[in-house]
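Chemist: Sequence:
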Amino acid sequence: MPSNTKAWLSKALQFGGGCFYLLLASWSLFHVAGWVGTLPDHSEHCQESILLSSWSPDKDWQADISFSNCSLHGHGHWQSHLDLTDLESGEHYPSLLVVSGRHDELKLDWHNHRELLISGLPIDHLEHFQQPLGAEVVLALKGD
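Per this note's numbering, the very first residue in the sequence shown carries number 11; after that it's consecutive.
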(Lines of atoms letter the chains of each structure in order from A; the text may use other names.)
(Lines give C-alpha, C1' and ligand atoms only; values in the text may rest on other atoms or scores of the structure.)
Protein backbone atom coordinates (compact mmCIF):
# COMPACT_ATOMS: atom_id res chain seq x y z
CA MET A 11 0.00 0.00 0.00
CA PRO A 12 1.34 3.40 -0.84
CA SER A 13 2.25 5.57 2.14
CA ASN A 14 -0.32 8.23 1.15
CA THR A 15 -3.12 5.68 1.32
CA LYS A 16 -1.79 4.34 4.62
CA ALA A 17 -1.66 7.83 6.13
CA TRP A 18 -5.12 8.66 4.78
CA LEU A 19 -6.56 5.39 6.17
CA SER A 20 -4.91 6.03 9.55
CA LYS A 21 -6.37 9.56 9.71
CA ALA A 22 -9.82 8.28 8.66
CA LEU A 23 -9.75 5.61 11.40
CA GLN A 24 -8.66 8.19 13.99
CA PHE A 25 -11.42 10.55 12.87
CA GLY A 26 -14.02 7.76 12.89
CA GLY A 27 -12.89 6.59 16.34
CA GLY A 28 -13.03 10.15 17.66
CA CYS A 29 -16.56 10.60 16.26
CA PHE A 30 -17.62 7.30 17.83
CA TYR A 31 -16.30 8.32 21.27
CA LEU A 32 -17.87 11.75 20.93
CA LEU A 33 -21.25 10.20 20.09
CA LEU A 34 -20.89 7.74 22.97
CA ALA A 35 -20.04 10.56 25.40
CA SER A 36 -22.96 12.68 24.13
CA TRP A 37 -25.38 9.78 24.45
CA SER A 38 -24.13 9.06 27.98
CA LEU A 39 -24.48 12.70 28.95
CA PHE A 40 -28.04 12.95 27.62
CA HIS A 41 -28.93 9.62 29.22
CA VAL A 42 -27.63 10.75 32.63
CA ALA A 43 -29.25 14.19 32.25
CA GLY A 44 -32.57 12.54 31.42
CA TRP A 45 -32.23 10.27 34.43
CA VAL A 46 -31.39 13.18 36.73
CA GLY A 47 -34.41 15.07 35.39
CA THR A 48 -36.68 12.24 36.53
CA LEU A 49 -35.43 12.30 40.12
CA PRO A 50 -38.05 13.61 42.54
CA ASP A 51 -37.51 17.14 43.73
CA HIS A 52 -36.89 17.74 47.47
CA SER A 53 -40.12 19.72 47.63
CA GLU A 54 -42.11 16.73 46.35
CA HIS A 55 -41.24 14.89 49.57
CA CYS A 56 -41.88 17.94 51.68
CA GLN A 57 -45.30 18.07 53.28
CA GLU A 58 -46.63 21.07 55.15
CA SER A 59 -50.02 22.04 56.49
CA ILE A 60 -51.17 25.02 58.53
CA LEU A 61 -52.65 23.99 61.86
CA LEU A 62 -53.58 27.41 63.20
CA SER A 63 -53.59 31.05 62.09
CA SER A 64 -54.14 34.07 64.29
CA TRP A 65 -54.18 37.82 63.63
CA SER A 66 -53.31 40.60 66.05
CA PRO A 67 -56.32 42.67 67.22
CA ASP A 68 -55.26 45.58 64.96
CA LYS A 69 -54.74 43.13 62.03
CA ASP A 70 -51.11 44.26 61.60
CA TRP A 71 -49.60 40.84 62.34
CA GLN A 72 -50.36 37.26 61.38
CA ALA A 73 -49.05 34.22 63.25
CA ASP A 74 -49.20 30.76 61.71
CA ILE A 75 -48.46 27.39 63.24
CA SER A 76 -47.70 24.80 60.60
CA PHE A 77 -46.85 21.11 60.72
CA SER A 78 -44.10 20.00 58.39
CA ASN A 79 -41.49 17.36 57.62
CA CYS A 80 -39.30 19.89 55.77
CA SER A 81 -36.33 19.97 58.09
CA LEU A 82 -32.59 19.45 58.04
CA HIS A 83 -33.09 16.20 59.98
CA GLY A 84 -34.72 14.47 57.01
CA HIS A 85 -38.25 13.80 55.89
CA GLY A 86 -39.08 11.50 58.79
CA HIS A 87 -38.62 14.28 61.35
CA TRP A 88 -41.94 16.12 61.75
CA GLN A 89 -42.07 19.51 63.45
CA SER A 90 -44.52 22.24 64.35
CA HIS A 91 -43.32 25.75 63.39
CA LEU A 92 -44.47 29.24 64.35
CA ASP A 93 -44.07 31.86 61.60
CA LEU A 94 -44.86 35.54 62.07
CA THR A 95 -45.69 38.03 59.29
CA ASP A 96 -45.88 41.82 59.48
CA LEU A 97 -48.88 42.49 57.23
CA GLU A 98 -47.98 46.16 56.73
CA SER A 99 -44.38 45.69 55.57
CA GLY A 100 -44.69 42.11 54.35
CA GLU A 101 -41.67 41.09 56.42
CA HIS A 102 -41.71 37.39 57.30
CA TYR A 103 -40.15 35.82 60.41
CA PRO A 104 -39.99 32.03 59.79
CA SER A 105 -39.57 29.28 62.37
CA LEU A 106 -39.40 31.48 65.47
CA LEU A 107 -40.61 28.50 67.46
CA VAL A 108 -39.91 24.88 66.49
CA VAL A 109 -41.38 21.96 68.41
CA SER A 110 -40.78 18.33 67.47
CA GLY A 111 -43.94 16.47 66.47
CA ARG A 112 -47.47 17.64 65.77
CA HIS A 113 -49.13 19.71 68.49
CA ASP A 114 -52.77 20.55 67.81
CA GLU A 115 -53.10 21.78 71.38
CA LEU A 116 -50.92 24.85 70.76
CA LYS A 117 -52.86 28.08 71.24
CA LEU A 118 -52.12 31.66 70.19
CA ASP A 119 -53.48 34.59 72.23
CA TRP A 120 -52.73 38.23 71.39
CA HIS A 121 -52.38 40.77 74.23
CA ASN A 122 -51.96 44.56 73.83
CA HIS A 123 -51.64 44.27 70.02
CA ARG A 124 -47.94 43.49 70.34
CA GLU A 125 -47.60 40.45 72.61
CA LEU A 126 -48.32 36.93 71.43
CA LEU A 127 -48.77 34.28 74.11
CA ILE A 128 -48.13 30.73 72.92
CA SER A 129 -49.66 28.16 75.26
CA GLY A 130 -50.17 24.41 75.24
CA LEU A 131 -46.47 24.02 74.56
CA PRO A 132 -44.77 20.77 75.61
CA ILE A 133 -41.48 22.27 76.82
CA ASP A 134 -39.66 18.91 76.54
CA HIS A 135 -40.33 18.94 72.76
CA LEU A 136 -39.02 22.50 72.25
CA GLU A 137 -36.22 22.53 69.65
CA HIS A 138 -35.84 26.24 68.89
CA PHE A 139 -37.18 29.56 70.13
CA GLN A 140 -36.23 33.14 69.31
CA GLN A 141 -37.79 36.56 69.45
CA PRO A 142 -38.43 38.24 66.09
CA LEU A 143 -35.45 40.59 65.74
CA GLY A 144 -36.37 44.15 64.83
CA ALA A 145 -40.10 43.52 65.22
CA GLU A 146 -42.50 45.27 67.55
CA VAL A 147 -43.98 41.95 68.69
CA VAL A 148 -42.86 40.01 71.75
CA LEU A 149 -43.43 36.27 72.01
CA ALA A 150 -44.23 34.72 75.37
CA LEU A 151 -44.28 30.98 76.09
CA LYS A 152 -46.51 29.13 78.49
CA GLY A 153 -45.59 25.46 78.79
CA ASP A 154 -47.67 22.59 80.02
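Please note: incorrect hints may appear among the correct ones.
Said to hold, decoys possible - Quick list of simulated restraints, FRET-style, between CB atoms: (1) Ser99 - Glu125: 17 to 23 Å; (2) Cys56 - His121: 56 to 62 Å; (3) Asn79 - Leu23: 54 to 60 Å; (4) Gln72 - Lys152: 19 to 25 Å.
Unchecked claim - The list that follows gives simulated cross-link-like pairs (lysine-lysine, DSSO-like), each with its CA atoms no further than 30 Å apart: (5) Lys69 - Lys152; (6) Lys69 - Lys21; (7) Lys117 - Lys69.
Quick caveat, the hints were computed from the structure, so don't treat them as lab data. All C-beta atoms in this analysis are idealised placements derived from N, C-alpha and C, irrespective of residue type, glycine included.
Chemist: Run every hint past the structure and note whether it holds.
Modeler: Hints, verified against the model:
no. : hint                       : verdict
1   : Ser99 - Glu125: 17 to 23 Å : holds, 19 Å
2   : Cys56 - His121: 56 to 62 Å : violated, 34 Å
3   : Asn79 - Leu23: 54 to 60 Å  : holds, 57 Å
4   : Gln72 - Lys152: 19 to 25 Å : holds, 20 Å
5   : Lys69 - Lys152             : holds, 23 Å
6   : Lys69 - Lys21              : violated, 79 Å
7   : Lys117 - Lys69             : holds, 18 Å
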